[in-house]
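From first to last, the protein sequence lines are chains A, B, C and D. Under numbering that gives the first Met the number 0, the first residue of the first sequence carries the number 0, and numbering increases by one thereafter. Under numbering that gives the first Met the number 0, the first residue of the second sequence carries the number 0, and numbering increases by one thereafter. Under numbering that gives the first Met the number 0, the first residue of the third sequence carries the number 0, and numbering increases by one thereafter. Under numbering that gives the first Met the number 0, the first residue of the fourth sequence carries the number 0, and numbering increases by one thereafter.
Keep in mind that the hints were calculated from the coordinates and are not lab data. Hints are not guaranteed to be accurate.
Copies of one chain are not kept apart here, so a pair can be met inside one copy or by any two copies together.
Said to hold, decoys possible - Below, simulated BS3-like cross-link-like pairs (lysine-lysine); rule was C-alpha separation at most 25 Å, straight line:
| no. | residue 1 | residue 2 |
| --- | --- | --- |
| 1 | 163 | 233 |
| 2 | 232 | 33 |
| 3 | 138 | 163 |
| 4 | 162 | 231 |
Given the structure is predicted, the values throughout are model-derived calculations rather than measurements.
There are 4 protein chains.
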Amino acid sequence: MVPSGGPTEETINLLAALVQEGDTLIDGGNSMYKDSVRRAQALKEKGIALLDAGTSGGIWGLEIGYCLMVGGEEAVFQQVEPIFKTLAPENGYAHVGVSGAGHFVKMVHNGIEYALLQGYAEGFEIMNAKEAFNLDLQKIAHLWNQGSVIRSWLLELAEDAFKKDPHLSSVRGYVEDSGEGRWTVAEAIENDVPAPVITLSLLERFRSRQEESFGAKVIAALRNEFGGHGVKKK
Amino acid sequence: MVPSGGPTEETINLLAALVQEGDTLIDGGNSMYKDSVRRAQALKEKGIALLDAGTSGGIWGLEIGYCLMVGGEEAVFQQVEPIFKTLAPENGYAHVGVSGAGHFVKMVHNGIEYALLQGYAEGFEIMNAKEAFNLDLQKIAHLWNQGSVIRSWLLELAEDAFKKDPHLSSVRGYVEDSGEGRWTVAEAIENDVPAPVITLSLLERFRSRQEESFGAKVIAALRNEFGGHGVKKK
Amino acid sequence: MVPSGGPTEETINLLAALVQEGDTLIDGGNSMYKDSVRRAQALKEKGIALLDAGTSGGIWGLEIGYCLMVGGEEAVFQQVEPIFKTLAPENGYAHVGVSGAGHFVKMVHNGIEYALLQGYAEGFEIMNAKEAFNLDLQKIAHLWNQGSVIRSWLLELAEDAFKKDPHLSSVRGYVEDSGEGRWTVAEAIENDVPAPVITLSLLERFRSRQEESFGAKVIAALRNEFGGHGVKKK
Amino acid sequence: MVPSGGPTEETINLLAALVQEGDTLIDGGNSMYKDSVRRAQALKEKGIALLDAGTSGGIWGLEIGYCLMVGGEEAVFQQVEPIFKTLAPENGYAHVGVSGAGHFVKMVHNGIEYALLQGYAEGFEIMNAKEAFNLDLQKIAHLWNQGSVIRSWLLELAEDAFKKDPHLSSVRGYVEDSGEGRWTVAEAIENDVPAPVITLSLLERFRSRQEESFGAKVIAALRNEFGGHGVKKK
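Extracted from the complex, chain A is given alone in its bound form (with noise of 0.2 Å):
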């Protein structure tokens, strides 16, 4: 299980001088699924069979083994099933289809797991801001875990997060991202297909680690400019 990008292609490259015709490769990185086409069509004129096993579960999963999505040939699969039946939780992985398919379902899984992030947080901050309920968050996330309609694993990690550190005085909010993300939003894009709220979930993490925005003081100037509105200045 290797990181994606130059990594993974140098690894695949060395792995594959090495096994013999009739081997199978396993990639369990985030590898771009279009990448994964490519590496088994290649690997497979030199008789290499190569599975792309989209892989969730964090840190967690090592307790309680990591769901699977796997992509590549039928046969293949299942000639190497025991090795998935030994990493996942019980059902916990797939062959989903085709080469690539498996990456591919593991890149949406992240698209949809950055909106599901967003969605929280503005809930949470929403709350937050409602100084005269005075909300204990924690205990809130915990309740909600208990029979309503949104609860989650990840509202179970929210309710971890809170029990530790109640208003997030720690932590700051800066967000990374990892790939997945980006290129979700731009396979939605290519298709046409409108994805609002993932790729807006996106734009967010760009935006918490911008310490201020340039399209802000844009407005602000002109603002200024129009209506002699009152800039803040430096």
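Since chain A is already given, all that's left is putting chains B, C and D on it; use the hints.
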């Protein structure tokens, strides 16, 4: 447990005339939290207590119990706690704050629900549009629920929905909204909280109910004016 | 021409006590159009006419005249038309409908203004971020105003702003809002009209006024919980 | 002036074979700016100069001249400047930077155009939905162009469009996109610039071309699963 708005107002007024000083009313419906604050205040002047109990769980609550978020005086809450204990799943009820807090927390819960639904919906649409992979959405929903980061109760329901109708061909893409999403958006705006994803999830529902967008007609007409781009004529 | 809200209400009440049956009041401020409908109705009962005159043009109106959008009875409008003719540029005033219509049209005007400002702002930010091209934003704003599809008065002001401060280094990216954007969004939602771009333009202003997003803190904390992704500590 | 993509590549290759060292090619089409950077580099090795001239003004350019944004070596630009002077309105052309900068600036221009169009479109839709006021959209577009803050050339075209068809009843709400909006969004994402309004304006075009949203079907199905909310059946 009554619907919001006029009928709730009438029912509470009716009950207020029947009960005695020292009695407690419980509003387990989807009232606007500001109404609950106002009603609790008015009833208190008559010596009557009002608890606002936000309720989640949908039609499944009948089986597993309802998640209950209760606002009002803590002492009053404790008096009637056995009722909530009976209706809720284990630990599935809590006193979350003063009058109004229960319905406020339920309102935000629904706002989050809009965003989660929209996030999953976009992900499934992206997969559905990828015809080359011919993905089995039920299988994927099921798989993701086995240990993936985005597992949730809503995703379990998605599994059920795709089981009944793999391509949702019998369902129209027409989505109602019942008010709490609007309240969440209004609340966010009132407090200067940007909640773009919850907000857009509401707007997408409006869009789903339009046969055609007038705004899109404007753009089509303008593109024709400046660029000679053909418009599709009726 | 008076500001919106309480002071307008007071001023109109004050004037209503001073004027006589058959007189006409003109509210040239940014009143909420529903207030104008209500006030016109109340004044009418006393035989006093109210015209609601939405006014645009900013501080430049003093020089070139104000664009005036007038609501109220047409006969009353005609009586006082010379006033509007004097204040407005040529053809720059019109009777747009019954009471409230003037302020309604002005409200929507401002909603559009939010979107236009945000659109230009994003474009300039994209250019500003392209360091390799080292683009001269003033030059480009000027150029675009010579026959391009996006030429506009706001873009002329952008030219002025970049002339004074090429990188806007003296301006903070902090954008106020004066209420009409909120009203436009509320109006759209009330009528089930999806107006995503006007709405987001408002939310971006809120975001510009946050030092840090609480929602982003939530996401950073959750990513740490599930993926062990490092958070930036305070 | 040729269309983007394959035909441009072919045309440039064809011309490159015909011209001589020291000659200059001008690409006045909507090429992707990265292609222009690449082509300029390749041609330079043969001693041929390439200027990338972004062109705006639509079909009206024939009458008033085209706004031209030119990238490439300044000395080369100066050599052929008379051509641009002839084609453009007064001051309506400029050298904006090195190779690629011309098409880059044009690309961003188009991204802004998407946002402006969407902003006006939403405003007109909000007015159109306000049936009680029965507003005359042509009259309002005309009025706003007389001194209001949002006056622009696009708004003049809106006036023309509403003059021809007051309710746009002959136009379908179906909006094409020609690629530059996608490039602008991709560019913004590549540079971690949040451009939510330009991005959403693109996605709204996709949505305008869907008869029905699959995502909306998913939400309708899920609401039925958890809440028993009726779905509209086909």
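Cross-check of the supplied hints:
Taking CA atoms no more than 25 Å apart as the test, residue 163 paired with residue 233 passes between copies only; the shortest distance there is 15 Å, against 36 Å inside one copy. Proximity of residue 232 to residue 33 under the C-alpha cut-off of 25 Å is found in neither arrangement, the shortest distances being 48 Å within a copy and 36 Å between copies. In this assembly of identical chains, the alpha carbons of residue 138 and residue 163 lie at most 25 Å apart only when taken from the same copy (12 Å versus 36 Å across copies). In this assembly of identical chains, the alpha carbons of residue 162 and residue 231 lie at most 25 Å apart only when taken from different copies (18 Å versus 38 Å within one copy).
When the structure is compared with the earlier hints, a violation turns up for hint 2 alone.
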